[in-house]
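Chemist: Chain residues, written in single-letter form:
Protein chains: 2
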Amino acid sequence: MAAPYIIQIKPEDNVAITVAATPAGTQVAPGVVTACEIPQAHKVALKPIGKGEAVVRYGVVLGYANTDVPCGGWINEHMLDLPTPPDVMAMQYGDDIRTDLPKAPRTTFEGYENPNGGYAGIRNILGIMTTVQCVAGVLSVAVERIRRELLPKYPNVDDVVALNHPYGCGVAIDAPDAVVPIRSLKNLMHHPNFGGEIMVVSLGCEKLAPERIMTPQELTPENLIVLQDYNGFGAMVEAILKMAQTKLERLNRRRRVTLPLSRLCIGMQCGGSDAFSGLTANPSAGYASDLLVGAGATVLFSEVTEVRDGVYLLARRTPDAPTCKRLAQEMVWYDDYLAKGGVDRSANTTPGNKKGGLSNIVEKAMGSIAKSGTAPIVQVLSPGEVPTRSGLIYAATPASDIVCGPCQLASGIALQVFMTGRGTPYGLAAAPVIKVCSRTDMKEKWPDLIDINAGTIATGDATIEQVGTELFHFILDVASGVKQPWSEKWRLFNDLCIFNPAPIT
Amino acid sequence: MAAPYIIQIKPEDNVAITVAATPAGTQVAPGVVTACEIPQAHKVALKPIGKGEAVVRYGVVLGYANTDVPCGGWINEHMLDLPTPPDVMAMQYGDDIRTDLPKAPRTTFEGYENPNGGYAGIRNILGIMTTVQCVAGVLSVAVERIRRELLPKYPNVDDVVALNHPYGCGVAIDAPDAVVPIRSLKNLMHHPNFGGEIMVVSLGCEKLAPERIMTPQELTPENLIVLQDYNGFGAMVEAILKMAQTKLERLNRRRRVTLPLSRLCIGMQCGGSDAFSGLTANPSAGYASDLLVGAGATVLFSEVTEVRDGVYLLARRTPDAPTCKRLAQEMVWYDDYLAKGGVDRSANTTPGNKKGGLSNIVEKAMGSIAKSGTAPIVQVLSPGEVPTRSGLIYAATPASDIVCGPCQLASGIALQVFMTGRGTPYGLAAAPVIKVCSRTDMKEKWPDLIDINAGTIATGDATIEQVGTELFHFILDVASGVKQPWSEKWRLFNDLCIFNPAPIT
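In order, the protein sequences belong to chains L and C.
So the first sequence is numbered by our numbering: it starts at 1 and just counts up by one.
So the second sequence is numbered by our numbering: it starts at 1001 and just counts up by one.
Any given hint could be a false lead.
Covered stretches of chain L, as calculated for chain C (at least 3 residues, CB under 8 Å) [stated by the list, open to error]:
id	stretch
1	128 to 136
2	227 to 241
3	338 to 345
4	439 to 452
Bear in mind the hints are in silico, worked out from the structure with no lab data behind them.
Predicted model only: the values in this text are computed from it and were never measured.
Glycine included, C-beta positions come from ideal geometry on N, C-alpha and C.
Please work from the sequences and hints to get the whole structure.
Modeler: Encoded structure:
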């Protein structure tokens, strides 16, 4: 079939987006002729929109036109005034609870069970936690030696990862918001891909003393190295290698077993979004999420500023008042956090977003939440918290890709699915990251970075369900160790940018 | 001569600190017998101190006793109530301007001149700036290849450093405080050790667009790689290697020349401090600073919360009202920054500080400012600003070692001198870090990490002037490429933890 000129989402929308850059004078729909050249993925008015009138996409008000726009006119970020954000205190819950999720074509995967049960690992990694950035230099030298000298002896272990992060000292450790980074690091140590092995390198005088993240049972010489206890650099490195060897021996005995999807927890994130993201990549991820959740898996989605303007739609999918209230509280917390810094949610959108046709945070949010599919939202987590329920979960985190990643890791995602419009080589060392792009030209441009192309949805060559099912299978193949996404293959690993909303000292 | 039991700093002090752990019943001074065992570096009362009375060390009030302390009693962090911080608006300036600084035994060093003049480089490094964390994975892979495949061909180039940092996107780029990280990255790119070569790797859709840190003259295809412009991962890496080769060829032609000390800019920092730091390591660094400044060099010292309680002493060393006012403004800014997070300067001290005898932030600050020596303070900088004057400069930064380091780097320090009591393996990839320890047992414990032992001052085996002069020579030997400090030799490099006081989105 011929590719459409534009894509309109809801019948009540008074704008649609262009599938490709469209010259002036093109008839893109009956009675709609472009009044000027319109860039790819940008909005065209489907009827005249007067100054002050609502601009509607996804059936929601993106904002109000600050100028008269003719039918066929271009609406970009300069022509929209931001609406006030939804009042989170008055949100409805429970009136959009879907129970007929699509049936998954597979219900098991091959994963690693962990000593304490819970979610399974999908990689077998020695994760070495640090209590403070001060030790990063020594640990990095040691990890290079572990990788070169020890890892080849343990063929069942995939990797060794130094969990270096900027937190630990020189921070206001008792500030109200310090709970966020401390909880994140504590939970990260127990990541399912680390097989329950605890290995912590500390300095000895830092504020994040080991007992702040380790239980009394964990706090033993078998699990903790305090650099100040050693006689110099050489001794420190030897101690790290020795402990690593013991842990690697145990990890090497792990084997994959067939497990139900209820033992799988994954994360969804989008970054470098464009106006196609909400049409192609994110809805296909949402469909994969519905398949996973329907089969018992746990799926996390996040990014507070990118759900803020559509949060009332999420609230309707929470089953009860307490879950709805938790959702509201996370929004309020983030509103306050931004206000303290003199900004609001509108600080979210990037030059790339705008170039990609996303005029403001409302439009971005509507596309962003599409990745959550349609399942009920059974739990809401604060940044870095671990789920206690199975199913679709809203894990409140910053929208920053490189901060959302570590937050979701702390929550225990075994892998992350990352939707992108403009393209980013982002990756995580502790969990594979699968890339889904929103446009076919992105996949053509980055064939060795993009795993799944959802751009075929925009051109009418595939349906959301088809791409979503392809993604579902790819997720389970990656989880089962049968496939590697590109970022894992190339070892494209970002720094562990822990979220610390508290001051540094 | 016999080592003393205790060290008293000013005659008016009513406490002194123990040189070593001291058993109960030891006569440590005429009429002063320890009432209990007192740990090393902790305070002993030289006379009875009643509840509510001032505890005085360095001639200043550390705080007020919250219990009666007998003569010979131990005063630790639990017994002191914090005084109110000095009022910065009423500070005197100009009444402690020293003009007779000690005469330096050397007045030149061997450094690298830079195209735009200014401070000289002391290492010859290809520094590759990034505009956003998203590119870190690709750049790290490329840098590994540059180091392996290209660097050996350019024997006059010391290293290649990827300037990966957490900033660049997912941040409130127009927040009032965003000026701090943006300025820091912009200035870091021009670091004297990078030889004036500009090489920037960006993604293409980030908030920190290249033009925010590059001038129109710098913004050319010869200096900037935009990953989104390349056809995939392989092409990105090849482009980075190709640009690196051009830059390495130019850097390889640099040669050291004999330069006056006015072309040298160094930084002073302390971390993991104990009660000896203010007696041994920091005063000897202060003496080295006086020698350097006297010979025309520029010396930066920093750490707002660690000067806050003694800032009036620094104000007296500023020559005029505007400089004094800038000093006050930096204090007020940081007070406000901490208050927004619900804390104050007392959040600075660490468990290690307290174990090391530093009872509170006042005591820590008095030791910390000792590293500034006695020279006039000719300029005050906001975090990441570049000096425009020569001499001793107060560069306001967080006290966090790993954040102060990048701030001082952005200000252009060619090397850093780092004083430590408890010991830290901290280091920077872009500039050598020299370690000075406060206690002899620290040097004995870490012989392959500590460069200079100032502990001999506490035991009476050396004077502050002797150790300070030794440090002065070591600084110039490291600057001239004749010597390497341990952290450089072992390549102990911390992450580039840029200071971002603004919110992330």
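Chemist: I'd like to know which numbered hints this structure contradicts. Please list them from smallest to largest.
Modeler: none
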